[in-house]
Amino acid sequence: MLDKTGIAKRIAKEVKDGMYINLGIGIPTLVANYIPSNLNVVLQSENGLLGIGPFPKESEVDPDLINAGKQTITMMPGSALFSSAESFAMIRGGHVDLTILGAMEVSETGDIANWKVPGKMVKGMGGAMDLVASAKHIIVAMQHCSKEGSSKLLKTCSLPITGIKCVKKIVSDMAVLDILPQGGFKLLERAPGVSVEQIKNATEGTLIIEGDIPEMHL
Amino acid sequence: MINKVVNGPDEALCDIFDNATLMLGGFGLCGIPENSIAAILKKGTKGLTCISNNAGVDDFGIGLLLKTRQVKKMISSYVGENAEFERQLLSGELEVELIPQGTLAERVRAGGAGIPAFFTPAGVGTEVAAGKEVREFDGKQYLLESWLRADFSIVKAWKGDTAGNLIYKGTARNFNPMMAAAGKITIAEVEELVPVGELDPNNIHTPGIYVQRIFQGKNYEKRIEQRTVSK
Numbered sequence: 001m002l003d004k005t006g007i008a009k010r011i012a013k014e015v016k017d018g019m020y021i022n023l024g025i026g027i028p029t030l031v032a033n034y035i036p037s038n039l040n041v042v043l044q045s046e047n048g049l050l051g052i053g054p055f056p057k058e059s060e061v062d063p064d065l066i067n068a069g070k071q072t073i074t075m076m077p078g079s080a081l082f083s084s085a086e087s088f089a090m091i092r093g094g095h096v097d098l099t100i101l102g103a104m105e106v107s108e109t110g111d112i113a114n115w116k117v118p119g120k121m122v123k124g125m126g127g128a129m130d131l132v133a134s135a136k137h138i139i140v141a142m143q144h145c146s147k148e149g150s151s152k153l154l155k156t157c158s159l160p161i162t163g164i165k166c167v168k169k170i171v172s173d174m175a176v177l178d179i180l181p182q183g184g185f186k187l188l189e190r191a192p193g194v195s196v197e198q199i200k201n202a203t204e205g206t207l208i209i210e211g212d213i214p215e216m217h218l
Numbered sequence: 219m220i221n222k223v224v225n226g227p228d229e230a231l232c233d234i235f236d237n238a239t240l241m242l243g244g245f246g247l248c249g250i251p252e253n254s255i256a257a258i259l260k261k262g263t264k265g266l267t268c269i270s271n272n273a274g275v276d277d278f279g280i281g282l283l284l285k286t287r288q289v290k291k292m293i294s295s296y297v298g299e300n301a302e303f304e305r306q307l308l309s310g311e312l313e314v315e316l317i318p319q320g321t322l323a324e325r326v327r328a329g330g331a332g333i334p335a336f337f338t339p340a341g342v343g344t345e346v347a348a349g350k351e352v353r354e355f356d357g358k359q360y361l362l363e364s365w366l367r368a369d370f371s372i373v374k375a376w377k378g379d380t381a382g383n384l385i386y387k388g389t390a391r392n393f394n395p396m397m398a399a400a401g402k403i404t405i406a407e408v409e410e411l412v413p414v415g416e417l418d419p420n421n422i423h424t425p426g427i428y429v430q431r432i433f434q435g436k437n438y439e440k441r442i443e444q445r446t447v448s449k
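The listed protein sequences derive, respectively, from chains A and B.
Per this note's numbering, the very first residue in the first sequence carries number 1; after that it's consecutive.
Per this note's numbering, the very first residue in the second sequence carries number 219; after that it's consecutive.
There could be a bad hint or two in this list.
[To be verified] Taking lysine-lysine pairs in the DSS-like style, the calculated list, with each CA pair at most 25 Å apart, reads:
1) 440/B to 9/A
2) 290/B to 116/A
3) 4/A to 147/A
4) 440/B to 261/B
[Unchecked claim] Chain B stretches covered by chain A per the calculated footprint, using a threshold of three residues with CB under 8 Å from any CB of chain A:
5) 226-239
6) 253-262
7) 323-334
8) 409-417
9) 431-443
Treat the hints as calculated values from the structure; they're not laboratory data.
The beta-carbon is built from N, C-alpha and C at its ideal position, and this holds for glycine as well.
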């Protein structure tokens, strides 16, 4: 089983040179730490920045420079600043190549639920609905099962959904899976020490297994 | 040039009225109009509908106006990090309309740009789509969303001149430029108010035509929600 860092490391391997990428809050933010330094990529912050740099040194902290998680950040040489309308214009317009975000549930047709749990305080969807509705490629970072052991990779989502038919790939603590255009979770890789049988038992939605499933390299 | 300068937040907000609709710039606590919020708090205006991406924290930003029950309704995309907000919401004292962030930004932009409605993919197939027209363009579905406008838009800029031209700094720009255009009366508070001619026209983010009143702000706290540093 992968821990959060492991999931972030595996997702970082999906990043390609020249990509503009939006990273969600949580595990997706950690992905930035593992993107190989020989790749030139630009991270987009939906509150109005292209070119997110590392966290600042104590002496460089600027309250006017934060990311979408409200953390203090720095800019890179070549960064660009803009308004929220411009930011979502580039998201909606399909200019961002890759969106990486967390999920509470994903369905076998690529629906995603990650903003609301009935009975709990609703904090809001933020930019998640805009991102999932428009991104060219979406990778979801998630736990395969809940703490109680029930699958989060489902036939249909039980929670209120954030977007329909949008997720293309999942990296969970147990596996890497593609969601096929016709529906279904296609198993691509196993996490170290996890068997195909365990993944089968942990996946409620249709799981497609073809041939030997390799263990992932981190 | 037309001189838009007023003495301070009290004069800028002199005619704000109960049950008014306000737009307030900012993302989290970044780029919020601190001086104006303090003045509304002091004035005690009630029944406000506040359009703002977030609702501040318990003891800062719009959170201050929630505490004094001056806000009737919040229109936002994300309202976490606020215990008093949660209490009022659960008790039914506060109305909340949650809107996807990009839709919120574009509805405000549309309000300022005179576009009454537009189609967006965000929210198709979700509860956000309830009651809204869905139309297909080139094989993909989109939701009809309408503009947002306000009685007063209150924005915060880094620099401004006496004619109301504004320049924002860093990610403190966020919702401020669209909101500046979408208010019947737009009030700008700035960290540095300069005479006309001092700002480079090439670098103006909000042209002064959108701004009715501008004042020199003071004592900016610029509170940080998540101070994150590297070693």
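Hint-by-hint comparison with the structure:
1. 440/B to 9/A: Roughly 35 Å between the alpha carbons, so the hint for residue 440/B and residue 9/A is violated.
2. 290/B to 116/A: Within the cut-off at roughly 23 Å; holds.
3. 4/A to 147/A: Distance ~15 Å between residue 4/A and residue 147/A Cα, so the pair holds.
4. 440/B to 261/B: With a Cα-Cα distance of about 22 Å, the restraint between residue 440/B and residue 261/B holds, given a limit of 25 Å.
5. 226-239: violated (count 0)
6. 253-262: violated (count 0)
7. 323-334: holds (count 4)
8. 409-417: n = 0 at 8 Å, threshold three: violated.
9. 431-443: It holds, with 4 qualifying residues against the three required.
Hint violations for this structure: numbers 1, 5, 6 and 8, all remaining hints satisfied.
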